[in-house]
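Novice: Listed below, chain by chain, are the residues.
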Amino acid sequence: MYKVKLETFEGPFDLLVYLIENAKMSIYDIKVAMITKQYVSYLEDLDELDIEVATEFIVLAAILIDLKSKMLIPRLSESGEALIEEDPRFELVHRLEEYKLTKKRAEMLTERMDYFANVYEKPQEDISEFLENPDEFLNLDIEQFAKAFMLFIERKQKISEVRKSYQNIEKRRNSIEERIIHIAEMLKSKSNSEDIYNFNEFVPNAEDNYEIALTFVSLLELIKEQEIEANQEKIYGDILVKKIKDNTEEEIEQ
Amino acid sequence: MNSKRKIKSAFESMMFIWGQPLEAKEAANIFDITKEDAYELFKELQKEYEEEGRGIVIREINKSFQFVTIAENEEYIEKLCTPTKIKKLTQAALEVLAIISYKQPITKSEIDAIRGIKSDRVIDGLVKKELIEVIGRSDKIGRPLIYGTTDVFLKQFGFESIKDLPEIEDLEDTLNEDKLEGPTELHEQLRMELQ
Amino acid sequence: MNSKRKIKSAFESMMFIWGQPLEAKEAANIFDITKEDAYELFKELQKEYEEEGRGIVIREINKSFQFVTIAENEEYIEKLCTPTKIKKLTQAALEVLAIISYKQPITKSEIDAIRGIKSDRVIDGLVKKELIEVIGRSDKIGRPLIYGTTDVFLKQFGFESIKDLPEIEDLEDTLNEDKLEGPTELHEQLRMELQ
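Protein chains in written order, with the numbering used here: chain A, 1 to 254; chain B, 1001 to 1195; chain C, 2001 to 2195.
Bear in mind the hints are in silico, worked out from the structure with no lab data behind them.
Careful: at least some of the hints might be erroneous.
Claimed, not checked - One side only, chain A facing chain C, incomplete, derived with CB under 7 Å:
#	residue
1	G11
2	E56
3	R105
4	T110
5	Y115
6	F116
7	Q124
Note that the Cβ used here is the ideal one computed from N, Cα and C, for glycine as well.
Modelling step: build the complete structure from the supplied sequences, incorporating the hints.
Specialist: In structure tokens, the structure reads:
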């Protein structure tokens, strides 16, 4: 057999297709034993190739040898009848088909490449005179306009909301004084036998933290002024408030 | 393809690639024909392109020939070759434009009041772009200038008239809210925070 | 000159000046016509040049159009000047290109599986030549890069779009049989296909 150098093949399939075609076989009826022998004899050249390429050639050799042994063993069932099963060559044939198709397509591309290499385009004409003064376009469309405007309105609405609560807080801050008067009035009007009040009684809306804080601050103020005294038995326990009796009314009236 | 047509076809390819005026003599050498014959063939080609009303024709300069575009198509070539810079309006400019378009006629201080920020530079920019213009003076103290949108504005947005502006709900409420109060420091601060 | 002829004339001028493939869409913008109408007009022009047997014809690449010389006049152009030739591709490169063009989008390992050999270096070379490009990532494990062909590929191999890739049947006739057909015959066939 006239041997073509292994380096001239694009890969293991290229070599296999060459061997099959050279032996005038159909890929659909490969004589595995014969082809495997030829293929393996090519691998004797392998030491000249780099290891990466060698591996790929050897992988296909292994597949071929495996296939050869499968073809040799008669396929019989346990009861001794011939078994009809898939041809073990099926997968290899499928891959060879794919590879042959690739080769054909590559060939078609080669012909087209050679033909179209003779077609020439011309360079762009000198258009520098047009490049100096670019047209300026305002990129505007109604959607963009509306979107930007809506965004503005939304932001504005947010601002006024923030402002409203800001104003609220200012209003409430001014009312510490009012709360002191309110507490004082409660202390005056209520006639609890022992003059002891629960802190919660001074909070009009216990849900509102601000109300609680306001009352607390007011009471601190009153303690500082020595108008009342407050006691808490344990942490998180009830705060009990007691009025200090001397000259309360006069001081608060001022 | 007869040989005359074949030679003319080759002349076309050669002129196309050569770019510069191609001498009839030089073309003749390639085909081993006389320069008179080559000249004749170039003239035939020239006539063909002219009669067919093509956008490229053959120009003769002293027995040399060259493909050129026809002068009538200059404007399209210019449109094709002139690069375009696309400019966008800033968010601020869009806001001012929106306020003017919906509230026109409107003075600068009314715009400032709605936006809560000075808009002088933005307004000048929009005037320069011809999207808005001064349409008169207000009767109020100081007789301030009043602004409105232009036809350029309508054209840009594809409106036929200012009545085509899409309706925006709550517009009046939102825009009127601050109008009386004017810009405040707090407002400024909030604007900054929200941006 | 009617308006259709006028637009076609302008397209000719524009293509000539532009040199590179001119998008039908871009040409349409200049005339305020639809890109479909522009495409039709380009196709009409293309047919005219081919039927008249001109030495310059119009090449389509993915809805873009460009004047080019006909391959048959290459020898005369060569005598006139030395145009730069595109370097030929290796057999390996053509194999990989054949796989990518027909199977795109495709990953490197899928290409390797078909060839039975690693294709990394070949793929890099094709990317450098702008014949193929990374067009995304696969959803598969490792999210490998996926490749596809470019407009440069279409141009160099004379395809108008990737849909033009011919079907190849009959795997069994050997490679040698094909080679009996002379190049001229094949070229004729290609010319017919292009018309």
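Novice: Against this structure, judge whether each hint is valid.
Specialist: Here is what the structure says about each hint:
Of the supplied interface hints, the one on G11 of chain A holds, with its beta-carbon coming within about 3 Å of a beta-carbon of chain C, less than 7 Å. About 5 Å separates the beta-carbon of E56 of chain A from the nearest beta-carbon of chain C, less than 7 Å, and the hint is met. The interface hint given for R105 of chain A holds, since its Cβ lies 4 Å from the closest Cβ of chain C, which is under the 7 Å cut-off. Because the beta carbon of T110 of chain A sits about 6 Å from the nearest beta carbon in chain C, less than 7 Å, this interface hint is met.
Of the supplied interface hints, the one on Y115 of chain A holds, with its beta-carbon coming within about 5 Å of a beta-carbon of chain C, less than 7 Å. Given hint, F116 of chain A at the interface with chain C, holds; its Cβ is 4 Å from that chain's nearest Cβ, closer than 7 Å. At its closest, the beta carbon of Q124 of chain A sits 4 Å from a beta carbon of chain C; the interface hint therefore holds under the 7 Å criterion.
Of the numbered hints listed earlier, not one is contradicted by the structure.
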